[in-house]
Each structure stands twice: as C-alpha cells, then as structure tokens.
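Protein chains: 2
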Amino acid sequence: MVQVNVTLTETIKKLLEEKKFSTLRDILTTMMPYDIAAVFEEMQDEKMPILFRLLPKELAAETFVEMDEETQEFLIHGFSDSELKEVVDELFVDDAVDLIEEMPANVVKRILRSADKDMRKQINELLKYPEDSAGSIMTTEFISLRPDMTAEMAIKRIRRTGVDKETIYTCYVNDENNKLIGITTVKDLLLANDDDVVRDLMEENVISVHTLDDQEKVAQMFSNYDFLALPVVDNEHRTVGIVTIDDAIDVIQEEATEDIEKMAAVLPSDKPYMKTGVLGIYRKRVPWLLILMLSATFTSMIISSFEGVLAQIIVLSSFIPMITGSGGNAGSQASVSVIRALSLGEIEFKSIFKVLWKELRVSILCGLTLGAANFLKLLFFDLRNYGAKPGEAGSPILIALVVSLTLVGTIIMAKIVGSSLPMLAKKVGFDPAVMANPLITTVCDSLSLLIYFAVATSVLPEI
Amino acid sequence: MVQVNVTLTETIKKLLEEKKFSTLRDILTTMMPYDIAAVFEEMQDEKMPILFRLLPKELAAETFVEMDEETQEFLIHGFSDSELKEVVDELFVDDAVDLIEEMPANVVKRILRSADKDMRKQINELLKYPEDSAGSIMTTEFISLRPDMTAEMAIKRIRRTGVDKETIYTCYVNDENNKLIGITTVKDLLLANDDDVVRDLMEENVISVHTLDDQEKVAQMFSNYDFLALPVVDNEHRTVGIVTIDDAIDVIQEEATEDIEKMAAVLPSDKPYMKTGVLGIYRKRVPWLLILMLSATFTSMIISSFEGVLAQIIVLSSFIPMITGSGGNAGSQASVSVIRALSLGEIEFKSIFKVLWKELRVSILCGLTLGAANFLKLLFFDLRNYGAKPGEAGSPILIALVVSLTLVGTIIMAKIVGSSLPMLAKKVGFDPAVMANPLITTVCDSLSLLIYFAVATSVLPEI
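Note that the protein sequences, when read in sequence, are chains G and B.
According to this note's numbering, the first sequence holds residues -4 to 458 in order.
According to this note's numbering, the second sequence holds residues -4 to 458 in order.
No lab work stands behind these hints: they were computed from the structure.
Don't take each hint at face value.
Copies of the same chain are indistinguishable here, so a pair counts whether it falls within one copy or spans any two.
Said to hold, decoys possible - Here are the simulated lysine to any residue pairs, SDA-like style, with alpha carbons at most 20 Å apart:
| # | residue 1 | residue 2 |
| --- | --- | --- |
| 1 | 151 | 183 |
| 2 | 212 | 241 |
| 3 | 266 | 449 |
| 4 | 42 | 3 |
| 5 | 212 | 267 |
| 6 | 52 | 186 |
| 7 | 372 | 390 |
| 8 | 270 | 347 |
| 9 | 182 | 85 |
| 10 | 212 | 249 |
| 11 | 151 | 189 |
| 12 | 52 | 187 |
| 13 | 80 | 207 |
| 14 | 182 | 148 |
| 15 | 349 | 36 |
Produce the complete structure using the sequences and hints provided.
See below:
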C-alpha cells in the first residue's frame, strides 16, 4: 500500500457523506488507477460500492485490478449481479484469472457466472496451468497476423480488433495451423510501405517460452532481451498466449522479495508487509527461528565438550562471538553473491570449481587481513595487561596467535561453505536462497568452534 | 554472463580461423544480440573485430550495447575510426552515454570525435545529470506531438520521424513552449478516427518525473503504474526526455542486487560476480568484515566483565552462541521485512509507530514460543544430567529459566532494534539496507549478552 495523503482520503470520505457525487467524480477522474485503489484500501468503509459506481467503466476495471484482495472481496459483496458483470467484462483475461485465484469459492462462482461464455472458456483454460508457470501469468488476448497480409491490411486488422487486446505493439504471425512463425511490431508496420507483406517484415527468429516454463525464467528473459511481450507456445509450438512486460516486472519484484525473505530466514509470502496480520507474520518467522535455535544445540555441545579448555584459559570464551560472527559474515557474503548470480542466470552448477577457486583466493586474502588486524588489536588492546591478574594462564602472544590463526581458518572455511552450499542446493533441486545466511551461519558456527579448539589445544602448551 | 553452450563459441572460433565468413554471418544473424554478446565475451580473442565486422549494421550496434565493458573496450581498440563512427551512429543516445561513462578517457575522446555534432550535443547534455538520477537514464529521443494535429497527421509524423526513436508507442504532447500538456499512445491514435484531434485524444492527467529524481523512485513508478515510458521534465515542466521500460527493469534488478549485497555486508558493485576479479571482490568484502570484527570488541568486553559469573557456572557460556544467534536471526527477519517494504514504497517513516506496535506483538509471540521450546529442551536434553559432575553449580531448572527468559527478552529487543534502525536510517538520509543483518546483529549481540547476564545475576542465587 502506498502512502496516500491522508487528507485526500478524508476529503473523499466527507464528500461521500455529503453526497457530492459530481465533485467526487471530478476528483477521481484526475487520478491514476493505482492511487484510486490506495484511497479505497485506506477507506475500508461500507460506502465504498457507492464511490466505485462513480468511476467510468474502464477506469473502474483498471482500479479494481490494482486493489488488494480484501478490498476486492468487500466490493464484490456490495455489487449487484449486473454491476459485477460490468466490471468482469472490462477485465483482461489474465487479470480475471488472478482475481479468481485469490477469491473464496462463493465469490469465484459469482464471478464465473458474470463472465460471458467466451471469457469463461479462456479463464478455465488459464486456470489449468500450474502456479508460477508462464501459462499462469499469460493472457490469451493478443494480435495474430497471417504471413500473406500487407502492412496496410495488418494495420487495419489491428485497428479493428485491437481495442480488446492488452498490448497491440507486438504482433504474432501464425500459419494456418496456428504455429508461431514470426513476430512483427506496430512500429515496423507503421514504418513500412503500405504494400509490404508481413512475411517480409516479420522477424522469423522468434524467442518464445513454453506454457510450463517457470515465471522467474520468463521474467529474466524480459530483462536480458528487452522485450515488451513474449509469446507462449504449447507442445505443438502453437501460440496460446503472451506474457506482457507489466506482469514480468511484477514477477521480478516478487522474486527479489522472495529471495530476500528466504535469505533472512523468513518464509516467503504473497502479501505486502503492512497488509499481513501479526499472526501471519508470526507464522512466517517462527519456523526458521525454532529450527535455527535447535540447530544451535551443536554449537552448545561443542562448547560444553571443551569446557576443560575454557575453564583453564577463560579469556578464550570472550572471543567466541567475534570468531563465530566473523565466520557468519564471511559465509553470508559468499553465499549471497552466489545466490544472486544463480538467480540472475550468471552462473550455473557446472561453474562450481571456478567459483570455489575464486572464493578460495578471496578468502585467503580476507582471512590474512582479518587475522593480522586481529593479532595487533589483541596484543595492543584486549590483552595488553593480560597475565597480571590471578587465573590468567597462557602468554598474550600465544593467545593472540590462537585467535588470529582461528580467524584465518574460519574465514576460509566460511567462504567455501557459503559458496558451495547454494550451488549444491540448486543441483539437487532445492531453492539456493534457503541456503543463505541463517543455515550457513549455523554450519559455520559449529565448524569455526571446532577450528578454534583444535588450534587452541595444539598451540597452547598449558592445555 | 549467461552460460553459452561452449560448443557454439568453439565452433565459431574454428570457423573464424578457417575464414568461413558467410557461414559465420548466417549463424550470427539467427541469434539475439544478448546471445551474440555472450559469445564475444567468451571468446576474448584478437579476432573479435573481424567477427564483429560480419554483423549487419543495426545488429552490430544492438550487440555492442549488450557486451560488458572489457569486451567493448577491446573491440574499440581494434576499430578503425570509420568503423567506430558506424557503430556510434547506430547507438541510441542513452546507450552512448552509458558507454562513455564506462570507458577510459582516451576511448571517450575517440567516441565523442566519432559522434556527429547533434549527437555529441545530446550526449553532453545527458552527462551533466548526477549518477542514478532520472536524467542520467533517460533518452532525449522521443515522439513529440502538437495538440492541434489530427490522428492522421500524428501517425504520419510518427512514420516519418519514428525510425530513430527508441520507443514510439507513447507520444508526448507539448505546447509551443515545449511544456508537457498531455500524452497519447500509438494504440489510441490507431484506434481513433483519422480526423480526431490529438487534444481530444490525449490524456491530460500525465505522470512525469523530474530530471533529478532518484532512478529507484522512477523504476518503482513503472512497477506501480504499468507504464512503457515515463516523461522527464525540467524545472519549467518542459519535456527533456523519456525513461523507457527496458532501462527501468535494469534499474529494478540493479537495486534489488544492491539491497541484497548491502544486507550481506558487501559493498555494492556494478559488475556481475563472475566478471569481478579476486582483488575486486576482496575490496568489496573486507571493509565490512573488519568493521564488524572490531565492533565485536564490545561483545568480548561484555563477556570479559562477566568472567566471574561464567567461571562459577561455566555451562552458561555454552548457550551464548544460541542466544546471540537467535537474537541475530530475529533482528534480521524484522529488518529485512522493513527494508524491503521501504524499498517498494509500502511504508514511510511516519508509519514507524504502526511498525513498532506490529513488531512488538510479533516478537512477544515469537519470544514466548522460542522460550517455551527452549525451556523444555534444556530440562529434558541439554541439562538432564546437570549437577552430577563436580563444578556444576546451580539447579537445572533455574539455569533453564535464566536461558529461556533471556531468549524471550532477546527476541523482543532484536525485533524492535531490527525494525526501528532501518527506519531511523532512512529518516536521517542513510540507506536503510546498510542497517540490515550484520550491523543489527552486532548491536543485538551486545544487548542480548547484557540481558543474559542481568537475568543470570538476578535469578541465580549463587552469583
């Protein structure tokens, strides 16, 4: 939800109470659908259907699509059957499908009853495709041309049939079996001579996606190839729909949010943060918190089994958070770089050795830098008076050496774990983003403690 | 870099050595610019300029734009002045500006010398705008119409001048002072009657951005309003350029990557992961690792000052990683949700109390769940034999109580810190993403230890 200037929504509420309908209509028609939808979302009032009726037909449908599902459901309950039909008639098929997927069963029934037969058929076709597939986000309304049309005929056809199509700028050339053989654009048709033939104007080298392709892959193709729309074909290479760029942008935003949420150990959700209730957020967050808390048992067990070491040189325990923290940070840096590169299609599993070789060199550099800085800091700051008090065993230099060597080993281990786990996850079919921060941090915590105690027992003579 | 099927690049290399130029041309013209660019990037060979010369003029320019800067620079060095001029002439102004911003000074000089006078002027205009501003990503090539034209005249004008414009689908209506007074689309013009006047067809209610607006805000508007292009105006509301949707998508991807990198304490970079050298990655990662390592000094100091407590009940130190880990996870969940909502424009600073109230309730639920689970786990697993060995002071129930109460307090503290810091950062003009994981983890680590020792000293009678 965008922040609407509160006074505007309040003004509209007041005008609605005073039944100043023509003023209201004037206000609404100066606004963009997205912003009108935000006003409705802020209102949450039983007078909403009255306000909605003031919108011109097309603007009403465009606004309706932008609303969140609560507001849509609320409005539909206030609609008469004929009002609902008017809105549904104006919707693009893919928007109608999105609506149906979000509404409860009784509302879906009313919507399907309101749609005309042709639209109902198209909606049912689209509903068959799996969630997050190209088929589920495509629209079946697009401009189809035949290869033997002239540019003039093509433009006439677009002018005649285009008013219902979501985008008319890319036109799809199909043969008599409806197989996709080329594409052309309104730009090319306009800039061509009237009697040029579509077959000569069209680009035969068409990039298309399959109905079952993942929507993330589809969105990535928009960003790579700068398309406005992508044709979707079935197994027989027949054009069954198109994905338009506005839907691709939504997918890009959604997928980025999902990756970010997974990296922070939050279960992904479809709803914006402010629209999700306290219980909803709780359910998204508590599973990973519990899993990670329980997996921290390993770190506790490792520390317990080295209680003897810690009891002798108690200062060692004060560096545990610094060591596990640095390991966690180094690991998540590597994992996030790799996960993002996997998401954007920059790397694939077969590059794993290139990636590991790169991370190994980076981690040696980072490890040595941190180790050296830490050694000096311990000697001249943390441990400068060490040994003066009773119970302070071991020499400051040796302790600083143990901590710094551990740091070097931890950073190298963390970067290798952080970069390889997401790639292995991808290989076995898991989502690499789940392998990010928290899970890797837990693995790195345990391994870095094992390194710490191994180094301590071999370097310190007292133990 | 996308994974090109290695055999294709190798085949092209071999054909190039055998000088099979017409075969090569056939292969290249079936490919998309993005994929041809990937082949060039994989080749990295002195024969690249020969291969590039095989591309038809327009495809050559489109391919050139898709290449990374090393490959571009390499190619330019191999170009004669007239070849360079041919490529530069085909570039859109905004792509030429991107190129100039990435090339070293001597290459820039050659490029500017190759551009014709008019283009050079436009390039210099665009170079004046600050990085990441709307002005810096706009193009100055767009269709400008007058309000008194008929639809027929408008379409003729587009057909006459459109071949050079990056997008012709949205047309901008400007008055005699070049002030933006409306927009219309090719779709509307095509679907109108020939003698309808642009003034009646145009939408007067135009959303525009200012040259100095942030590119992230501009990209967000594309995603909210489903535009294909957005007009950019100066202080006098004159149309000076347009931002097209393909550039907006790139901004959305870049900004998401940047947010993700900042959240993982990596300095953001412009280059893809696989294109960045080991030293480059090192420089992006080591500053935050050092800062975070040094800031862990606080946690060490806190632990040291409670050495007495730990020495008496040494088992307490084994739960430190679990407590700080859970706090860090809970904090980063909250901060990532808030940062993403800020990025997507869902919330603003003024909602801070709503957010805090929400996070408080969520954190109490999460805290109680984790606390209860942890209490049972400690009693029946970790501490089930506690007290049997010498040196194990305190009763298992009291110790489990200390750890679990600490956990509840830590989770509540972490969620409040995690959600408020990014919003405060935004308020004072910092980037909220920098406040994510690592920094918040460090703050939460210190605070959770303080909570731990405060609870321990007040609950355990021995201390």
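Hint check results:
| no. | hint | result |
| --- | --- | --- |
| 1 | 151 x 183 | both (14 Å within a copy, 14 Å between copies) |
| 2 | 212 x 241 | both (15 Å within a copy, 17 Å between copies) |
| 3 | 266 x 449 | neither (47 Å within a copy, 39 Å between copies) |
| 4 | 42 x 3 | within (16 Å within a copy, 64 Å between copies) |
| 5 | 212 x 267 | between (23 Å within a copy, 18 Å between copies) |
| 6 | 52 x 186 | between (34 Å within a copy, 18 Å between copies) |
| 7 | 372 x 390 | within (15 Å within a copy, 39 Å between copies) |
| 8 | 270 x 347 | between (40 Å within a copy, 15 Å between copies) |
| 9 | 182 x 85 | between (27 Å within a copy, 17 Å between copies) |
| 10 | 212 x 249 | both (13 Å within a copy, 17 Å between copies) |
| 11 | 151 x 189 | both (11 Å within a copy, 12 Å between copies) |
| 12 | 52 x 187 | between (36 Å within a copy, 19 Å between copies) |
| 13 | 80 x 207 | neither (31 Å within a copy, 44 Å between copies) |
| 14 | 182 x 148 | both (15 Å within a copy, 16 Å between copies) |
| 15 | 349 x 36 | between (50 Å within a copy, 16 Å between copies) |
In this structure, the hints that do not hold are numbers 3 and 13, in rising order.
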